[in-house]
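Colleague: Given the coordinates of chain A, work out where chain B should sit on it, guided by the hints.
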Amino acid sequence: MSALAHVPTSSGQPAAPPGARRGRSRLLPYLLLLPGAAWLLVFFVLPLLQLAAASLYDPSGSISTGYAMTWAFGNYPDALQQYWPQLARSFGYSAIALVLALLMGYPLAYGIAQKAGRWKNLLLVAVVAPMFTSFLVRTLAWKTILSDNGWVVGLLRDVHLLGADGRLLATPFAVVLGLTYNFLPFLVLPLYASLERLDPRLLEAASDLYASPLRAFQKVTLPLSMPGVIAGTLLFFIPATGDYINAELLGTPNEYMIGNVIDSAFLVRLDYPQGAALSFLLMAAILAIVFVYLRKAGTEEVL
Amino acid sequence: MRSPLRHLTRRGLLTGTLGSAALLATAGTLAGCGTKGAQQTEAGCKSDDLSATEKKLAFSNWPQYMDVDEKDESKRPTLDAFIAKSGIQVTYTEDVNDNNEFFGKVQNQLAGCQTTGRDIMVLTDWMAARMIRLGWIQKLDKAKLPNVEANLLPSLRNRSFDSDNQLAIPWQSGLAGLAYNAKVAKEIRTVDELLTRPDLKGKVTALSEMRDTMGLLLQSNGHDPSNFTTAQFDDALNKLKKAVDSKQIRKFTGNDYAPDLAKGDIAACIGWSGDVIQLGFEDEKIKFVVPESGVMLWSDNMLVPNKAGHKANAEELINYYYDPAVAAKLAAYVNYICPVKGAQAEMEKIDPDLAANPLIFPDEAMLSKSKVFMALDEKREKEYETKFQQVIGA
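Chain order of the listed sequences is A and B. Residue 1 is where the first sequence starts when you use the working numbering, and the numbers rise one by one after that. Residue 1 is where the second sequence starts when you use the working numbering, and the numbers rise one by one after that.
Isolated chain A (complex conformation) (with noise of 0.2 Å):
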């Protein structure tokens, strides 16, 4: 921006001043948002005011009729008390599926970022790997290894940590194992990017003063990593919160979460101001925990 400021003008009238200057380069940076600002003007924020007023729709309309705007703000306290079972459910096992994807996304980002060496690029593609196919495929495909008559439940049953009719599939600890894996590139590869960046020679120091290991990760791994850290966590937990696939097909009606009713509500009950007041609570209730944690958490880096 500055160069460009201070190329002299070519011609032989005097440079305009230079308030004009800076007022153009003031405004370049908002030329080069406008593309990314109309399309989520367009795609985004016109949606979510259509989705807005849906929420506030007379909730007695129907499609032949019609739906009036009332601004029925009734829908929200209706939907909720209807449905926050599923809605707590999603928060559950999402909360629960970021653990379990944190206690082994760190070890394995570590591990690429500062151990494997020439292996890095070939275990960082393995990582990505997976997201070549569809998400439905891949989740279809745990459906055949959890199946009842499969091998990993056979021998479950034989080492009785399962009962004789005990099962994977169709069960809680499915869907949440579903959510993990789905979501878990999504949660590594912030993670390597900012351990990638740790210099090993914090660590020598850290040990040149007499920390052990432990206390070393304590004080300089996982600091410096925090915003890694953060950026996976939000990657992670969002979209797994909002998911209805997993609890769809490796999960029954008990484990439905907030995303299977919402799509109920728009394209089999023709429910649209309730379907849209869930939608809009589970947007609220997601932009609740983030900004608590991101203040709790609190770095600058990622906002």
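What the hints contain is simulated information worked out from the structure, not anything from laboratory work. For every residue, glycine included, the Cβ atom is placed at its ideal position computed from N, Cα and C. Incorrect hints may appear among the rest.
[Claimed, not checked] Listed next, the in silico DSS-like pairs over lysine-lysine satisfying Cα-Cα at most 30 Å (straight line): (1) B:K241 with B:K186; (2) B:K75 with B:K242; (3) B:K287 with A:K143; (4) B:K371 with B:K285; (5) B:K379 with B:K46; (6) A:K143 with B:K56; (7) B:K75 with B:K349; (8) A:K143 with B:K285; (9) B:K139 with B:K46; (10) B:K242 with B:K263; (11) A:K143 with B:K379; (12) B:K71 with B:K241; (13) A:K143 with B:K242; (14) B:K75 with B:K56; (15) B:K349 with B:K71; (16) B:K71 with B:K55; (17) B:K183 with B:K369; (18) B:K239 with B:K387; (19) B:K349 with A:K143; (20) B:K105 with B:K56; (21) B:K201 with A:K143; (22) B:K369 with B:K71; (23) A:K143 with B:K46; (24) B:K242 with B:K387; (25) B:K183 with A:K143; (26) B:K382 with B:K247; (27) B:K263 with A:K143; (28) B:K247 with A:K143; (29) B:K201 with B:K139; (30) B:K329 with B:K341; (31) B:K55 with B:K329; (32) B:K105 with B:K75.
[Unchecked claim] Residues from chain B that face chain A, not an exhaustive set, calculated with beta carbons under 10 Å: (33) N100; (34) K369; (35) K382; (36) Q389; (37) V391; (38) I392.
Modeller: Frame of chain A; chain B shown alone:
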């Protein structure tokens, strides 16, 4: 120092004003929202037929619902023969995967009396009933459908949503009944067994299609699914809820029960005849059962939506598929119930085994046990669907 006045800079004032203006504008736009009714009338939404000048037809159907050549999957013998005979170029698209999804896809156009770009679409009874109720479907000219007049199965005539057989013509029909995998379960004969037998616990699925599951349950209570009261519906729903709460029922499915039944993850289920017959070809232990209390008969119907530009071409195709010889060729491939009388005799020439199969050509005994689910008005449809969805978990 931080007095409110000092804070009131020009920029602050400007942002504040702009912000409030944006909020007000948003509120104003929202207030102006609301949707118009989607109801159309024959007089209000007129469609022009361009068939005389345009030899074209756009046909939307479900996947694997049209015969293909054994050697070359891109060839469709019956459809290709129609194209050759009539000179009408048919654009055949397999873009119907789910009634509700398809409704979402075409609803805005049809609600606004605009063209969907489709001349024929194939949808299940209840969705056909809904679209007819909304005035979205064109009346066909019976004079151009002599084969339908002559050959439509009697049990599929004068259905409650199309009392004069000129709005929805069955493409294929099928039964919703019980199925089981004899490798993992003993024979089942009744719906009650499915919902209560202890050895099946957690290995049972039912269909998320409300009409099929609830129709079978209504029948198991001795009620008639083609004519029932809300109290009777609630009774049947309670029965279903007990089976869900006791964890007898593992989940509610669409077509996806089929691979699970084949693997044995599911021992018994409520399923569709065509799927189960096809599984039965590969594994004879998988069997379809018509419960003693009765079975549900459904159809997927050919509909010509408003503003479809080629109604006469569509009628020609519908009439063609009601020629028994053509219908038999199609039925030999899809294995659902063939809605065309006389196709059974034609099937004798193709495959005598299939011709004798009561799940493709149902006999009188089978048909007397089968019922079509009642057409519901909008209010009851929403009420029942909501109650049902609550029991099945969403």
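Colleague: Each hint should be assessed against the structure and marked as holding or not.
Modeller: Each hint tested on the structure:
Our distance criterion of 30 Å between C-alpha atoms is met by B:K241 and B:K186, whose separation comes to about 24 Å. Distance restraint check for B:K75 and B:K242: the Cα-Cα separation of roughly 49 Å exceeds the 30 Å cut-off, and the hinted pair is therefore not satisfied. As the CA atoms of B:K287 and A:K143 are separated by approximately 23 Å, the hinted pair is consistent with the 30 Å bound. Between B:K371 and B:K285, the direct Cα distance comes to roughly 27 Å. Compliance with the 30 Å bound is thereby established for this hinted pair.
Proposed proximity of B:K379 and B:K46 is supported: the alpha carbons are some 27 Å apart, at most 30 Å. A C-alpha spacing of about 43 Å is found between A:K143 and B:K56, which places the hinted pair above 30 Å, so the restraint is violated. Between B:K75 and B:K349, the direct Cα distance comes to roughly 22 Å. Compliance with the 30 Å bound is thereby established for this hinted pair. Distance restraint check for A:K143 and B:K285: the Cα-Cα separation of roughly 22 Å lies within the 30 Å cut-off, and the hinted pair is therefore satisfied.
Restraint check for B:K139 and B:K46: the C-alpha separation of about 11 Å stays at or below 30 Å, so the hint holds. With a C-alpha separation of about 27 Å, the suggested pair B:K242 and B:K263 falls inside the 30 Å cut-off, and the hint holds. A distance of roughly 38 Å separates the Cα atoms of A:K143 and B:K379; the hinted pair therefore is violated under the 30 Å criterion. At most 30 Å may separate the alpha-carbon atoms for a hinted pair to count; B:K71 and B:K241 exceed this at roughly 48 Å.
The hinted pair formed by A:K143 and B:K242 meets the criterion: a straight-line CA distance of about 26 Å does not exceed 30 Å. Taking the CA atoms of B:K75 and B:K56, the gap is about 19 Å. The hint holds against a cut of 30 Å. Taking the CA atoms of B:K349 and B:K71, the gap is about 21 Å. The hint holds against a cut of 30 Å. The straight-line distance between the Cα atoms of B:K71 and B:K55 is roughly 29 Å, inside the 30 Å bound, and the hint therefore holds.
A hinted pair counts as satisfied when its Cα atoms are at most 30 Å apart, and B:K183 with B:K369 qualifies at roughly 28 Å. A threshold of 30 Å between alpha carbons decides the hint, and for B:K239 with B:K387 the separation of about 13 Å falls inside it, so the pair holds. Simply put, B:K349 and A:K143 have alpha-carbon atoms about 42 Å apart, too far for the 30 Å limit, and the pair is violated. For a cut-off of 30 Å, the pair hint linking B:K105 to B:K56 stands: about 22 Å separates their Cα positions.
With a C-alpha separation of about 19 Å, the suggested pair B:K201 and A:K143 falls inside the 30 Å cut-off, and the hint holds. Restraint check for B:K369 and B:K71: not satisfied, since their Cα atoms lie roughly 39 Å apart, outside the 30 Å limit. Proposed proximity of A:K143 and B:K46 is contradicted: the alpha carbons are some 49 Å apart, above 30 Å. Of the pairs offered as hints, the one joining B:K242 and B:K387 holds, with about 14 Å between alpha carbons and a cut-off of 30 Å not exceeded.
Simply put, B:K183 and A:K143 have alpha-carbon atoms about 20 Å apart, close enough for the 30 Å limit, and the pair holds. In summary, the hint linking B:K382 to B:K247 is supported, as the alpha carbons are separated by about 26 Å, within the 30 Å threshold. Taking the CA atoms of B:K263 and A:K143, the gap is about 11 Å. The hint holds against a cut of 30 Å. Between B:K247 and A:K143 the alpha-carbon distance is near 19 Å, which keeps this suggested pair within the 30 Å criterion.
Distance restraint check for B:K201 and B:K139: the Cα-Cα separation of roughly 48 Å exceeds the 30 Å cut-off, and the hinted pair is therefore not satisfied. Pair hint B:K329 plus B:K341 holds up; C-alpha atoms about 14 Å apart against a cutoff of 30 Å. For the proposed pair B:K55 and B:K329, the alpha carbon gap of about 25 Å is at most 30 Å, so the pair holds. Restraint check: the Cα-Cα separation between B:K105 and B:K75 comes to about 28 Å, which is no more than 30 Å; the hinted pair holds.
Interface hint at B:N100: satisfied, since its Cβ lies 4 Å from the closest Cβ of chain A, which is below the 10 Å cut-off. A cut of 10 Å between beta carbons decides the hint on B:K369: the least distance to chain A is about 28 Å, and the hint is violated. Residue-level restraint check for B:K382 holds (minimum Cβ-Cβ distance to chain A is 7 Å; threshold 10 Å). Of the supplied interface hints, the one on B:Q389 holds, with its beta-carbon coming within about 5 Å of a beta-carbon of chain A, less than 10 Å.
The interface hint given for B:V391 is met, as the beta carbon of that residue sits about 8 Å from the closest beta carbon of chain A, less than 10 Å. Satisfaction of the interface hint for B:I392 is found here, the shortest Cβ-Cβ separation to chain A being roughly 5 Å, below the 10 Å cut-off.
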